[in-house]
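Protein chains in written order, with the numbering used here: chain A, 1 to 291; chain B, 1 to 228; chain C, 1 to 301.
Hints are supplied without guarantee of correctness; some may be wrong.
FRET-style restraints, in silico, Cβ to Cβ [claimed, not checked]:
id, chain 1, residue 1, chain 2, residue 2, range
1, C, G257, A, P3, 58 to 64 angstroms
2, B, I119, A, A260, 35 to 41 angstroms
3, C, Q37, A, W2, 42 to 48 angstroms
4, A, F134, B, N95, 53 to 59 angstroms
It should be emphasised that the hints constitute simulated quantities derived from the structure, not laboratory data. Ideal Cβ placement from N, Cα and C applies to all residues, glycine included.
The lines below spell out each chain.
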Amino acid sequence: MWPIIQIELFKIYKRPRTYIAFGAIAALILVIQMGLKIDGEAYAAFLMKDINDTLTVDGKVLNGYLICYIFLQLLLVHVPLLVALIAADMLSGEANLGTLRLLFTTPYSRTQWVLAKFVAASLYTILLLIWLAFLALFLSMWIFGTDDLFLMKSNYVVLIQEQDVFWRYLGAFVFASFSLLTVAALGFLMSSLANNSIGPIVATISAIVFFTILSTLNIPLFNIVKPYLFTTHMNNWKEFFDIQVNESNDAITGSILNVAKIKNSIIILAIHIGLFVGASVWIMKKKDILS
Amino acid sequence: MKKMILLFVGICFIQVAVVAQSNPLIERVTKKLNTVNDYVATGVMKTDVAFIKASLGKVKVYFKKPNLLKVKKEGGISLLPKGGVSVTINSLLNNKQYIAIESGVQMFKGKSLQAIKLIPTDEKLDWVISTLWIDPVDALVYKTFTTTKENGTYEITMEYGQYANYGLPSKLIFGFNTKDYKLPNGITLEFGDEDPAAKQKALKQKKGTIEITYTNYVINQGVSNSMF
Amino acid sequence: MSVIKVQGLSKNFGAIKAVDQLSFEVEAGQVYGFLGQNGSGKSTTIRMLLSLIHPSQGHIEIFGQSLTDNRSAILEQIGAVIERPDLYPYLTAQEHLTLFAKLRKQKITAAKIEATLTQVGLLSRANDKVQTYSLGMKQRLGIGIALLHDPQLIILDEPTNGLDPQGIADIRQLIKSLSKDQGKTVLVSSHLLSEIEQIATHILIIHQGKKMAEGHTSSLLDPNKTIVQIKTLDDADAKQKLRASAYSTNLLERTEGLYLTIPKLEIPALNAFIVASNIDLVSLEAKNSLEDYFLQLTSTF
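Isolated chain A, as found in the complex (with noise of 0.2 angstroms):
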């Protein structure tokens, strides 16, 4: 099957469409650094309003890994977009060009096809992520320096030591991998259903923002198909960021507030990912291609 993603992988690195979203997620990237290395000291002083009047912080607390939280909490709700723009067109996108037939006609089984498009899909999905992890990450850290991690959540703070922090980025992006491999596989699903490019994307964007919604909006009725929803655990990356205390309520150094969360999240989102390339795979094998 190599030689099949080989092939996707060129058509995807060939194709033109293919990197208007590293530049959007670079575009969005740098203007943000620039504003906040004009004027960051205005927006810190806004997050820190309420612990300024009870505490004076002193270090620098605007600096590469706050800034990179910063740009996960925004960038993780809208890469999913970037990520459906590819990965939404993938099947439809060959039968809207009609050579969806001559790879069908190939010795490769329908099932290699799909698995493959899959795989070439989800490793653009990652180096979109690392794309983003460099300039969200290690870019700020260049220009911003680091420091602490002071993270302003909305009732409580968090006070991460400098060396406890970047292990925790690591863990955040893997888990942000399966976050938008489940939009990939999502969008992939889409693919599958339609002839032309644009439904796909459009229904899978949809579909993101309704169970967002669902997710989000705190009414007893949704409660109960929450934690079944992907949406609901597509930001849990955040939980790498929040520490255990003991009984002095002293931060313990090195731990994570609720590993079982993750780890649900992960099985959750995995679960959502292999029925929607199954149902994908299904549907390919089944259909008439009459494009």
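For chain A, the structure is supplied; the task is to place chains B and C on it using the hints.
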């Protein structure tokens, strides 16, 4: 009539005598503290505020007479009570702009301590009133309770060890009032289930402490003003 | 040995019967012409042969093996061009052939790719993106992809679409060469009946999903079965008189006139009968092309 005048003068004298008796204890404390021109202390700082999760951190504390004080975390971000630096014993006592009034003896951690209230005479000072609990035996201050004009009240308790002769504590616990902390979900992008009510209530506890356990003092070796 | 053997093949799309109990065999080395109007079921049948569409009924054997059970091995030996030449606009011809070379078990060298480009006349444009190609160039590239791995069976669905006369002639020559010189089996569908007439050794005519005729090209165009068109001033009178004669069994009545299928040598006798019957004859024309045969079979009365 003469008796009444004598009684009145006597009460005043006693009052003056009582004020004059508090001063010697304060003087003894001040004298001990004045043996230290400067120090650099290393220690471990613990932050105990309901809505803050922070780990123990190594700190360096710099002091220079009369009242320059700086707490620096060794690498990293430090959290200190706002305005709290201005209410240390040195800053209270060194300018001598106060009236000292004894207000009885109280037990504190098994010690019988003399409570002395200080009222500032200079209106420009940050603090309004401060109570010191001093051991008359070793002239060490074990506890202070200070009300400031703008930053609420602070309670400082101290424990002493090998540096007691200098009046320098081995442990200092800084207690202060906290305000509610809340950032909108739209800023933090946290749209999840609300924390259970009990946890919410715990996060809204109104008091916090910062505790510094000193491991070493380097005394009177000189400290540059640039450290402050 | 039959290269393709189809038995009772049917395909339903909902209530629509696109292919209805189709059976035929293609022998090795034949150029098999597959004729039918638009929507007659040609492309559906070809897609079923290539496992793009799942049959509703029937059985397909290629190279003596069931298509259902041996798909991969069978497709390794087939090269196909299906309908219009859809390719990747952002890739060059060279890249297309290199990509598709990777999909074959046999190693296809760079020299073979270059030879294929030469064979289809695209060597000079090999490094240009396909989006800059004309329809004819795309068609030629599609054929190149089909021939790259030297398949034993070549299926061409409307291969001359978009080609200029020279291009059509080249394809015709290529198909003949594949069959005669290389012993390949070629299944070609087209609506250009004149082209099929020139290259096909065997023909199957399909109409509304059903087989209408099948056989050697020369037997379908049998001089003993000449179609004669009779145009008169009074078709009703002519019909009545022909129905009452010995010609009644071979009479075909169509809106544009009357047709008789008779041996060529009997045309003078027919002419004499018409004159003797006082039928007001306008013209008597012998039609013996495949097109005429095709139209006759597929027309409605």
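Quick rundown of the hints versus the structure:
Taken as a hint, the range 58 to 64 angstroms holds for the pair G257(C) and P3(A), whose Cβ atoms sit roughly 60 angstroms apart. Between I119(B) and A260(A) the CB atoms are about 56 angstroms apart, so this pair departs from the stated range of 35 to 41 angstroms. Q37(C) and W2(A) have their C-beta atoms about 45 angstroms apart, which keeps the hinted 42 to 48 angstroms range intact. For F134(A) paired with N95(B), a C-beta distance near 56 angstroms keeps the hint of 53 to 59 angstroms intact.
The structure fails hint 2 only (numbered hints given earlier).
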